[in-house]
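In order, the protein sequence lines correspond to chains Z and D. The numbering used here puts the first residue of the first sequence at 9, with every later residue one more than the last. The numbering used here puts the first residue of the second sequence at 13, with every later residue one more than the last.
Hint data in this document are derived by calculation from the structure and do not stem from the laboratory. All residues carry an ideal CB built from backbone N, CA and C; glycine is no exception. Wrong hints could be hidden among the right ones.
A partial selection of chain Z residues facing chain D, derived with a Cβ cut-off under 7 Å [stated by the list, open to error]:
#, residue
1, F12
2, K13
3, V14
4, H15
5, R16
6, R18
7, Q281
8, Q626
9, L629
10, S631
11, E636
12, R637
13, L638
14, H642
15, K645
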Amino acid sequence: MGEFKVHRIRFFNHMPSAIRVMAFNSHTERLVVARADGAVEIFNFADNYYQEKVIPGRDGKAVEALCWVGRRLFSAGLDGEITEYDLENLRPRNSMEAYGGPIWTISSNSQGTLLAAGCEDGTVKMFEVLEDRIQFQRNLSRQKGRIISLSWHPTGSQIAAGMLDMIKIFDAETGHATHRLLVERGLQRTSNSQEVVVWSVAFLSDHTIISGDSAGKVQIWDGITGTLVRTHLLTKWDVLVLAVSPDESSVIAGTSEGTVVQFQFISSTVDQQDKQWVRTRTFKSHSHDVRALVHTDTAVVSGGVDTQLVVRPLLDKVEKNTQESAMRKIIFPHRNLVSCAKKAGLLLFQFSDHLELWRLGESDGNGETRAHTRLTSNLRVGRFGEDNICCSALSPCGGWLAYATVSSVRLYRLQLDNNITPLVPLSRLQVSKLPKELNSVHQLSFSSDSSKLFASSILSSVIVASVKELECKYLHTFKPPSGEQPVHLLSPSEDGNWLATANTGGEIHVFDLHCSVPVCGSCPTAVSIHPFSCSLVSVHADQQIFEFSLKQKEFTAWSRKLQKQGMHPLWLQRDAPITRVTFNPNNPTHILLHDTSMFCIVDQILPLPEEKTRFYNQSVLQSLSLGERLRNSHAFKVYRNFQNLLCVDLMEDHSLVVVERPLLDIVSQLPAPVQQKKFAT
Amino acid sequence: MAALCEGYTLCGLVPAQNRLCSGLRGIEEERDSDHVIVTESTRCATLYKVSDQKPLSSWTVKQGQSLTSSAVFNTKTSEYVAVSDNKVIRIWKEEDILLDKAFKATVSADVWMVHCPRGGEPVVLFQRGDVRLLDSLLAAPHQPVQEVLAQEESIRWSTSIVTEMQQMVIFTTELKGDHFLCLQRLNPNSLQRYHLEREEPGLSPLSFSTSYRDKHICLLYLYPNGHVYESLISVRGSGAGEGSEALSLPRSLILSLPVGDDLLEAAAAVVLDDAHVAVVGVPHPCAGPGKDFLCIWNTNFQTLQAGKEMAGKLYGQLWSYSNKLFIPHGKTLSVIPFACPKSCLASALGKLKQARAEDSRPPALVPSWNNILHGEKHQPPKTAEIRKTVSWITDEDMCLLQTASAEEVKKEVEGLLTRQDVQDLQLSLGQLAVTLVSRSLAEPAFYTPSTLQQLVHTQCLCHSICPDLVALALEKKDYFLCQLCLQFFPDIPEVITCACLKAFISLPDADAERLSLEPDGVSFMQILISREHDQVGLQNGFTSTSCEDEDAGSGQQRRRKDEENARNPPEPVCPVGVHKAALINEVLQAAYSDTFLLPHLKDLSSQHVILFLQYLQFLYQQYSLEAFPQKHSFRSPSQNQVSWIGFACCWMLKAYCRTFTDLLIESSSCVQVKLFLQLGKIESSLQQINEMKVKEDVGAYSIEVIELF
C-alpha cells in the first residue's frame with residue numbers, strides 16, 4: 009500500500025456543548041437534543057442514530073425545554089419565548105413571548121392540542137396549538153414561586169407542576185389547583201433551611217405522581233388522595249430528571265452523580281397484583297450531571313454536562329449479544345467541522361462562535377517521523393451578530409472563505425503570500441455585496457477550481473454563485489425534482505461538471521445531469537464524485553457503501569459485488585458514521601473513508617473480505633513477508649492508531665491531514681463533577 | 013421465597029419388617045385437591061379427605077391377594093382402578109363396600125401400573141412395556157400383549173401426562189446398567205426411546221419426576237451422588253426413527269446437592285414448578301450428616317429455600333399434589349403444605365425472559381461433553397461407549413493409538429486430520445488428545461510432540477477437554493507446545509499459568525534460544541529489542557557514540573552526557589533473551605483472574621520475581637515510548653496486560669512486605685535490597701508514563717509517516 013506523510017493535528021479545540029434537554033418522538037423515532045449553546049440536534053434512531061439535522065443556536069438563547077407536538081417541535085428558554093422550529097429549512101419558524109418571565113418547562117397534552125408552559129412568575133400558561141402558530145389561551149391559577157416542571161395526565165384532565173418545596177396538581181378544565189403535595193427538605197444536608205426544588209415530575213395514567221427533587225429523592229405519590237406512597241433516597245445530590253417508559257412500567261431518574269437509576273413497577277411475586285415501584289438497576293454512563301433523559305421502548309438515552317449522548321439498551325427488551333444490545337456513545341457531531349484547502353495547505357476549523365484558519369507546517373522532508381514544525385500562522389475570523397455558525401467552507405485554492413449563520417452568509421477573500429516570510433498574518437477582505445438569494449443556507453462548498461460557490465438553501469434547492477475578484481454573482485438555482493428535506497451534503501466533482509447533493513430524506517441528486525441515484529433506506533452520511541471515473545461514492549448511516557456510475561447511470565460492478573457479498577460484520581458493527589469520502593489521485597482505485605475512530609482506504613482491486621476473514625488485519629500484515637502480505641490482504645485497510653478523528657483528508661501533495669480531538673482534552677475542559685468519596689478512608 | 017408450612021399427619025404407616033420400605037405403594041389425587049387415595053403395598057386402598065385428616069372409606073382385597081398397582085381414580089366415570097396379583101384389574105365405585113363383589117378382569121400378561129392422569133383416560137402399562145387404554149383392553153381382556161422391552165430390560169418408574177394434543181405414558185427402564193426413557197404416545201400410538209447419559213459407573217437414578225411446560229416434558233432425575241439433572245423432551249418430537257434406535261437424551265445439571273461422605277440411598281426429588289425442586293433424604297447443608305430432611309431448592313439461583321427435619325426414617329418417597337407434599341416418614345404419612353412464589357425481580361431484570369427464550373427452543377439431540385469426558389476420565393481405557401458417538405475413530409484407530417509406536421501414531425493422526433467428513437470435530441479431537449496424553453503420562457518413553465502440536469493448532473481443543481496436556485508439555489519441557497496451549501486455550505487455570513511462568517523464568521537463556529517457537533511472538537520481541545538498540549545509537553537525533561569517540565577525553569563532554577543521562581534515564585536493556593521473552597509474553601496474555609493468580613505468584617522465588625519485574629519494567633518503558641503503538645503485532649501483550657500483572661506483583665510483594673522486612677533485618681541479604689530497588693524503579697516508571705502522556709498532549713502538531721499494508 010505504501011507510506012503516507014501525516015499531519016497529525018491535535019490543536020482543534022472543538023468543545024461540544026453540554027446537553028441540556030432531550031425529547032423523543034416515538035412515531036418518527038427522532039430524538040431531539042438541545043445543548044447549552046442553544047443548538048438543537050435531531051437524531052434518527054431508526055437509522056443507526058444518525059445526526060440528521062442541526063439547527064445552530066444563538067447568543068443568550070438557552071433552551072430549557074423541548075416538546076414534540078406531532079411532527080412539530082417547540083422549545084422554550086430562559087428568554088421567556090416559545091419557539092417553533094422549521095425542520096425543513098433548519099431555522100426557527102416563529103417565536104412567541106409568553107410574558108411570564110423565564111420559562112422553565114413546556115409540556116403538551118397527549119392530544120397535541122394544548123401546550124403548557126411553566127414560568128418564573130408562578131403561572132402555568134396554556135397555549136392552543138394552531139395550524140401555523142400557537143395562541144395564548146389562559147393562565148392556570150397563579151402560584152407563589154416558579155414552576156420548574158410540568159407533567160400532563162395522559163387524559164389531559166389534570167396537570168402536575170413541580171415547584172419549590174411542593175407539587176401542585178391543577179384541574180386543566182377549571183385551572184384551579186386541586187392538591188398540594190409538600191415535599192420535605194433534605195434530610196442529609198446541613199442546610200435544612202434550603203428549599204427543595206422539584207426538578208421533575210411524571211404523572212402516570214393511574215394517577216401516580218413521581219417526583220425527583222434537589223434533596224436526592226424520588227418520591228411516589230398517590231395523585232387522587234395527594235398522599236406520599238414511598239420515598240427512595242438516591243443520592244446526596246440532586247435528582248435532576250425523570251423519564252417514563254411508554255408503557256409506564258419503568259421510570260428512570262438521572263442524578264448529579266452521573267448515574268441513571270431505574271425503577272420498575274412490579275409485584276414481588278409473579279402472580280400477585282400488589283405492584284409497587286421497586287428500584288432495580290443503576291447505570292453509570294456519565295461523569296457529570298445527567299440533565300436529560302429519554303426512556304424509549306428498549307433503551308435508556310441519557311445526556312448531560314459531560315456532553316456525551318449515551319444510548320444504553322435494556323437487556324430485557326432486546327436480544328442479547330446483537331448489535332442492538334450494544335451501548336452507543338455519541339460524542340462528536342456527524343458532520344464535518346474541518347475544511348481543507350487541498351492546494352494551499354490551509355485548514356479551517358469551525359467553532360460555534362468563531363472560525364480558525366491554520367496553515368500546515370512543513371517537514372524537513374527526509375522521512376523523519378517525529379519532526380515538529382510550528383504552524384506558520386493562524387487567523388481567527390470573528391462572528392458578526394448573535395447567531396452561531398452553522399456551516400463554513402474554504403476554497404481548494406485557499407483564496408476564499410465562506411460561512412453562514414441561520415440568517416446570513418459571509419464571504420471573505422483571503423490574500424495569501426507564500427513567498428515572503430511565513431509568519432506574516434494572512435490578510436482578509438470581506439466581500440460586502442452578496443446576491444440576495446444567499447440568505448438562508450445550511451451547507452456551503454466551493455468548486456474544485458475555486459470559481460463557484462455552492463450553497464444549499466431552502467426547499468432543498470442549491471444556489472450557485474460565481475466568485476471572482478471581490479465579486480460574487482448569482483448564477484443559478486438547482487431545484488431537485490422531489491424532496492423537501494434540507495440538503496446536508498454537497499460534493500462538487502473535480503472537473504466541475506457535476507454537483508452531488510444529499511438530503512436528510514435519504515435522496516441523492518446529481519445536478520448538471522439531473523440524475524437521481526436510487527434511494528436506499530438509510531440517510532447518506534458522506535458523498536463524493538470520483539475525479540476520473542465519474543462515479544459517485546456514497547456512504548450511508550447503516551454503514552453501506554454504494555458506487556454509482558454517473559455515465560452509465562447504474563451502480564458499478566464493484567458496488568454490486570459489494571452488495572451481493574455484504575459488508576463485513578465488523579464494519580457494520582462500528583457505531584460512528586463515515587463523515588468524509590476522498591480519493592487518491594495517485595491511485596484511482598483507492599477510496600479514503602473516515603469516521604471518528606478509524607480511517608480506511610478501500611482498494612477496489614483487492615478481494616473483498618469474507619465474513620470469516622480477519623477484518624482488522626494491519627498488524628498481522630505488518631509481520632508478514634511481502635508475498636504473504638499480498639495473499640492475505642483484503643480491500644478494507646483500516647488504520648486505527650488515530651483516535652477521536654474529526655477530519656482525515658488527502659492534500660494535493662498526497663500528505664494526509666488528520667485532525668484528532670483527544671477525549672481527555674474535552675474532559676479536562678469540563679467543570680469539576682460533584683465530589684464523591686471513592687474509598688472508605 | 014419458597015416456604016414449608018407446618019405439617020400434619022394424615023395416617024399411620026405399617027413399615028415393612030426391615031424398615032426399608034414404607035409400606036406405601038402410591039398416593040393418587042382423587043376428585044379434587046383435598047382428596048387422595050392411598051394404596052398400601054399389601055391389600056388396602058384408603059380414601060382420605062386431606063384437610064380433615066380423616067379416612068372416608070377403605071377397600072381391601074382378600075387375604076392372600078395383594079394390590080400390585082396403586083389405585084387410581086377415573087374422574088370421568090368416578091371409578092377406581094387398581095391391579096391385584098399383577099394380572100387382575102379391579103374397578104369399583106365409591107359406594108362399593110366389598111372389593112370382591114366389584115368388577116374384575118384377568119389379563120394375559122403382568123401389569124406394571126395403571127395410570128389415570130387428570131383429564132386423561134386410564135391406561136395400562138404392562139411389565140414388558142406394552143401400553144393399552146383400559147377401555148380397549150377390557151373389550152378383549154385376553155388380547156395378546158407385545159414384548160416391547162428387551163429380554164433383561166425392566167421398568168423402573170412410570171407416569172402418564174396429558175398435553176394439549178394427546179396423552180402419553182413415560183417410563184424408564186434399565187438394561188444392564190444402562191437407563192432408557194420411553195415415551196409412548198397414544199392415539200396415534202408411537203414409541204420413542206431415549207438413552208440417559210451415564211453417571212459414574214454403578215449409579216442408577218434414584219427418583220424421577222416430570223412436569224410439562226411450554227410444549228416440553230421436563231424430566232428431573234436424582235442420582236445417589238446428589239446430582240439432579242434435567243432433560244427436556246419436545247412433545248411434538250420426531251415421527252421418524254420411531255422405536256428403532258435410542259436417541260441420546262441431552263441433560264443439564266441443575267443442582268448438585270451436598271451428600272456428605274456416602275452416597276444417597278433413599279432419596280427423591282420432585283419438581284414443584286419451573287424454578288423449585290423438593291428433595292427428601294438429602295442432608296441439610298447446614299445441619300450435620302443426618303439425611304432426614306425435606307428441602308426446597310431454587311434451581312434458578314441454586315439456593316436452599318426451605319428445609320424441615322422429619323422425625324423418623326425417610327423412605328425416599330415423596331408425592332406432591334396441589335401445593336401439598338405427601339411424605340412418609342417413620343410410622344406416619346405427613347402432609348406438608350408449601351408455597352413457591354415466583355420471584356418477580358428475576359423477570360424484571362431480564363433473567364427469566366432469556367431463560368424462557370432458550371427453553372422454547374427444542375433441545376438439539378447431540379452427544380454431550382459429559383458423555384465423552386467424564387465417562388472417559390474415570391475409565392480411560394474403556395472406549396466402547398465413546399465409539400458410538402465418535403464414529404469416525406474406529407476400533408482399530410483406538411487400538412493403534414494405545415499400542416503403536418510414536419511414528420505410526422503420528423501418521424495415523426495426520427490421516428485422521430485430513431479427513432473432511434468429520435461432524436463432531438471437537439469431540440473427536442478431544443478424544444484423540446486425551447488418549448495420547450494419558451498414554452504419554454503412563455509410558456514415559458512415548459511422546460509425540462508434533463502430533464499434539466497439530467491437534468492444538470486445530471483450535472478445537474481447550475484445557476477442559478484435555479486437562480493434562482499443559483502439565484505434560486511442562487514435564488517434557490516442550491515449551492513450544494506450552495506456548496501454543498497458552499495461545500489457543502481460553503481456559504487454563506491460574507495455577508497452570510503460574511507453573512508455566514515459573515518454568516519459563518527459570519529456563520536458562522542459552523537453552524531458550526535453542527528452542528523453536530511460534531514465529532509471531534518471537535518476531536515481535538525482535539522488533540522490540542532491535543528498536544531498543546536503535547534508540548541507544550540515535551538518542552535525541554544525534555549519535556552519542558560518535559560524539560564519545562571524538563571527545564573521549566573531554567571531561568566536559570562527559571559531564572554533559574552524565575547530566576543528560578540524569579535527565580533522560582538510560583534506555584533499558586531487555587533482561588531476558590528473545591525467546592524467553594516471547595514465552596513470558598504468552599503468559600502475560602493468558603486469561604487470568606488476579607485473585608486466583610496471586611496465591612500462586614507467591615510461590616515464585618525472589619530471584620525469579622526480580623527477573624520478572626525487570627522484564628515487566630522493560631516492557632513498560634518500551635511501551636511508554638511514544639512511537640511505539642505502530643509496532644504492535646498480533647502476539648504482543650497490551651499495555652494494560654503488562655500493567656495489570658505488574659500491579660498484581662506489587663500487590664503480592666506488599667502482602668509479603670512484613671516477611672521481607674523481617675528477612676532484611678535478619679539477613680540483610682542483598683537480594684531483598686535489590687527487590688525493593690526494582691519496586692522503586694517500577695513506581696517511577698509508572699510516573700514516567702503519566703508524565704509522557706501529558707507531554708504527548710502538549711505536542712499538538714506533528715508530522716509523521718505511517719505505513720499501510
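Going down the list of hints, with the structure as the test:
1. F12: holds, 6 Å
2. K13: holds, 6 Å
3. V14: Hint holds; Z:V14 Cβ to chain D Cβ min 5 Å, cut 7 Å.
4. H15: At about 6 Å, which falls below the 7 Å cut-off, the nearest Cβ of chain D leaves the hint on Z:H15 intact, so it holds.
5. R16: holds, 5 Å
6. R18: Hint on Z:R18: holds, closest Cβ of chain D at ~4 Å, below 7 Å.
7. Q281: Where the cut-off is 7 Å and the nearest Cβ of chain D is about 12 Å from Z:Q281, the hint is violated.
8. Q626: holds, 6 Å
9. L629: holds, 4 Å
10. S631: holds, 5 Å
11. E636: violated, 11 Å
12. R637: This hint holds: Z:R637 lies near chain D, its Cβ roughly 6 Å from the closest one there, short of 7 Å.
13. L638: Result: violated, 10 Å to nearest chain D Cβ.
14. H642: violated, 11 Å
15. K645: holds, 5 Å
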